[in-house]
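Colleague: Sequence:
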Amino acid sequence: TTMAVLPAATGSNLNMAVFRSSDGLTFTPVTIVSFSDTPGFLGTPKGLGYDPRDGSVLVAALQPVPPPNTELAMVLAWSTDGGASFTHPWTPWATPWPPQEMRYVDGTPSALVWRSASSFHFSADHGVTFTRIETLDPLPTGCAEILGFDMPRNNHDKVAIWCSGGGAHLCDLVTDQCSALPLGGGTVALRWATSNPLVLYAITSDRVWRSDDAGFAFAPIHAFSASQLRVDPASSTRVCALQSPSGVLRCTRDNGATWMDLSPGVLQGGVPTVILDFDFASNGRLWAVGHPGVVSNTEF
Numbered sequence: 001t002t003m004a005v006l007p008a009a010t011g012s013n014l015n016m017a018v019f020r021s022s023d024g025l026t027f028t029p030v031t032i033v034s035f036s037d038t039p040g041f042l043g044t045p046k047g048l049g050y051d052p053r054d055g056s057v058l059v060a061a062l063q064p065v066p067p068p069n070t071e072l073a074m075v076l077a078w079s080t081d082g083g084a085s086f087t088h089p090w091t092p093w094a095t096p097w098p099p100q101e102m103r104y105v106d107g108t109p110s111a112l113v114w115r116s117a118s119s120f121h122f123s124a125d126h127g128v129t130f131t132r133i134e135t136l137d138p139l140p141t142g143c144a145e146i147l148g149f150d151m152p153r154n155n156h157d158k159v160a161i162w163c164s165g166g167g168a169h170l171c172d173l174v175t176d177q178c179s180a181l182p183l184g185g186g187t188v189a190l191r192w193a194t195s196n197p198l199v200l201y202a203i204t205s206d207r208v209w210r211s212d213d214a215g216f217a218f219a220p221i222h223a224f225s226a227s228q229l230r231v232d233p234a235s236s237t238r239v240c241a242l243q244s245p246s247g248v249l250r251c252t253r254d255n256g257a258t259w260m261d262l263s264p265g266v267l268q269g270g271v272p273t274v275i276l277d278f279d280f281a282s283n284g285r286l287w288a289v290g291h292p293g294v295v296s297n298t299e300f
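Mapping of the sequence shown onto our numbering: residues 1 to 300, in sequence order.
Keep in mind the hints are simulated off the structure, nothing from the lab. For glycine and all other residues, C-beta sits at the position ideal for the given N, C-alpha and C. Among the hints, a few may not be true.
Claimed, not checked - Taking CB as the label site, the calculated pair distances span:
1. D23 x V274: 19 to 25 Å
2. L198 x T26: 39 to 45 Å
3. T87 x N255: 41 to 47 Å
4. D137 x E299: 44 to 50 Å
5. A219 x A124: 33 to 39 Å
6. D23 x A124: 42 to 48 Å
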């Protein structure tokens, strides 16, 4: 019932802020003050996520511009009241670096994971400390750089990665052993289904794929050039894929047998809506951030 978005930095908002909403219609800014407790930071959004096991915990990652000193790379601020207030460390926080991805991975317990190049930093206390670091070394053949990752629920030693050049791999972070996923290149993203650890979705340059055996084999379920994909955390059969930059959002609730176009069309003021990002809430409701605002779909 609560969502939060990170705004772009503006000259009129010198402190870093997260905007929070309980209905997707009105948003309240929650300010994260600068290290000197006075205005002076422009916050560049780097990541935002609710703990999937505890909706009262929200973590935001922001990069100060300019940084207050040469050591500081990132501000990791966390809330334990659903985003109503935030705290952050008052000492320079410079690891992990470079900051590339921050997100929660589901499980019991869930974990906040920050990817820095080929290193994965794990936190069990929502980013206060990172007590586990796993580095994938060497990278699998043909993978010069990791572009993104996902992990199955309750198995945070296993990671699915996609790389520059379009290759995708399933890797063990403990043994550093990797196997190529049979997608034929052009991989854009991979997503595990939270409700079923055997189901792994993939999008390539012109297809949406589904695996029912944890990535050993894939079958195409839609001829669609997508840039993002999300799976309903409560149902592995409900999936949506977003085409960019057109903003076309297509969804299926039957494992890809049929698809529907859920692009919102035209909102108030006659401005065509372009979806920029979207996700499922824990209750299955679909939310999207776009232009000119935040929209939700209650019928899918």
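Colleague: Would you say the C-beta atoms of D23 and V274 sit inside 19 to 25 Å of each other?
Modeller: 22 Å, holds
Colleague: Take the C-beta atom of D137 and the C-beta atom of E299, compute their distance, and say whether it sits inside 44 to 50 Å.
Modeller: The hint (44 to 50 Å, Cβ to Cβ) holds, given that D137 and E299 are roughly 47 Å apart.
Colleague: Taking the CB of D23 and the CB of A124, does the distance hold inside 42 to 48 Å?
Modeller: 32 Å, violated
Colleague: Should the hint that T87 and N255 are 41 to 47 Å apart at their CB atoms be regarded as holding?
Modeller: Since the Cβ atoms of T87 and N255 sit about 43 Å apart, the hinted range of 41 to 47 Å holds.
Colleague: Can you let me know if the beta-carbon spacing of L198 and T26 is within 39 to 45 Å?
Modeller: Roughly 41 Å apart at Cβ, these two residues keep to the hinted range, so it holds.
Colleague: Tell me if the beta carbons of A219 and A124 are separated by a distance inside 33 to 39 Å.
Modeller: With a Cβ separation near 36 Å, A219 and A124 satisfy 33 to 39 Å, so the hint holds.
The structure is inconsistent with hint 6 alone, although it conforms to all the rest.
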